[in-house]
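Construct all of the structure, not just a fragment, from the sequences and the given hints.
Numbered by our numbering, the letters in the sequence shown go through residues 1 to 242 in order.
You may find that some hints are simply not true.
What the hints assert, rightly or not - Restricting the straight-line Cα-Cα distance to at most 27 Å, the calculated cross-link-like pairs of lysine-lysine (DSSO-like) are:
1) K214 <-> K115
2) K216 <-> K205
3) K219 <-> K115
4) K214 <-> K190
5) K205 <-> K219
6) K216 <-> K115
7) K214 <-> K191
8) K214 <-> K21
9) K115 <-> K21
Claimed, not checked - Taking CB as the label site, the calculated pair distances span:
10) D223 <-> V97: 28 to 36 Å
11) D147 <-> V71: 40 to 48 Å
12) E111 <-> T74: 28 to 36 Å
These aren't lab readings, by the way, just hints derived from the structure by calculation. For glycine and all other residues, C-beta sits at the position ideal for the given N, C-alpha and C.
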Amino acid sequence: MRPSVGLAAQAVLAQPHVGIKNLFVFGDSYTSTGFNTSGPQPSLSDPLGNPVLGQGTSTNGNNWVGYTAAVYNTSLLLAYDLAVYGATIDNNIVSAVPHDLVYQVETDFRERYCKDDENPQEWNSEDTLFAIWIGINDIHFSYERDDTDEVLTYLFQRHLQLAETMYNCGARRFLLINVPPLSRTPTYLKKDEWHRNAHQVMVEKFNNRLALEKRKFEKRFPDVSYDLTEFNSRITRETTED
1 MRPSVGLAAQ AVLAQPHVGI KNLFVFGDSY TSTGFNTSGP QPSLSDPLGN PVLGQGTSTN
61 GNNWVGYTAA VYNTSLLLAY DLAVYGATID NNIVSAVPHD LVYQVETDFR ERYCKDDENP
121 QEWNSEDTLF AIWIGINDIH FSYERDDTDE VLTYLFQRHL QLAETMYNCG ARRFLLINVP
181 PLSRTPTYLK KDEWHRNAHQ VMVEKFNNRL ALEKRKFEKR FPDVSYDLTE FNSRITRETT
241 ED
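Next up, the structure:
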């Protein structure tokens, strides 16, 4: 089976994203490269800006962002990785590290990169992709609760609001990556049957809500390209093919 980090990279590079020159990324440790918005910005000589390629990740090596922007890419793709290790969507709903998705979008992105009349940016709507891969920690910290349906409702209300914030800043091309089947990993396999099942059920519900959000957003903003990558189906397909 090909490395899973490469699967998401292939999704970004595949159609319909031909012509993408800029990539804004939001999420958690599966995505973060430790990028500092106050440091060197992505450039021709260093597509990720900072830190050095392969550093700043949770695995001390390249993750899918590094593979996409530098390793597997043959054209210029400037990657602004605003993801933060341990992040959830909104700490007021599911609490984790300080820089949740709300902070990534409302502070790191909107204050520094939002495209408007007062702050023209070098990127434009046609050649810039906005990728969001989050939910792993939201599920991890809430799947044992007895109000998970309510939690998911609030999470996706916030998720949709944040996507709209990006839209208002000029974003028109989106890529969502859903939550992988972490119930199959050692962390959860060593738990009892109730915990394994509860986690798996919430992953499925989260991914279903994400697909529903995609449809809602496309209906509300018909000028948007809003694509969803099914991580689990990609892994399954790649395993079968190999």
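Hints, one by one, checked against the model:
With a CA separation close to 23 Å, the supplied pair K214 and K115 stays within the 27 Å bound. Pair hint K216 plus K205 holds up; C-alpha atoms about 16 Å apart against a cutoff of 27 Å. Straight-line distance between C-alpha atoms of K219 and K115 comes to about 23 Å, which keeps the hinted pair within the 27 Å bound. In summary, the hint linking K214 to K190 is not supported, as the alpha carbons are separated by about 34 Å, beyond the 27 Å threshold.
In summary, the hint linking K205 to K219 is supported, as the alpha carbons are separated by about 21 Å, within the 27 Å threshold. This hinted pair checks out: K216 and K115 have alpha carbons roughly 24 Å apart, not beyond 27 Å. Between K214 and K191, the direct Cα distance comes to roughly 33 Å. Violation of the 27 Å bound is thereby established for this hinted pair. With a C-alpha separation of about 23 Å, the suggested pair K214 and K21 falls inside the 27 Å cut-off, and the hint holds.
With a C-alpha separation of about 16 Å, the suggested pair K115 and K21 falls inside the 27 Å cut-off, and the hint holds. About 34 Å separates the C-beta atoms of D223 and V97, a value consistent with the hinted range of 28 to 36 Å. Distance hint check: the CB atoms of D147 and V71 are about 42 Å apart, consistent with the given range 40 to 48 Å. The supplied range of 28 to 36 Å is met by E111 and T74, whose beta-carbon atoms lie about 33 Å from each other.
Hint compliance for this structure: hints 4, 7 are not met, and every other hint is.
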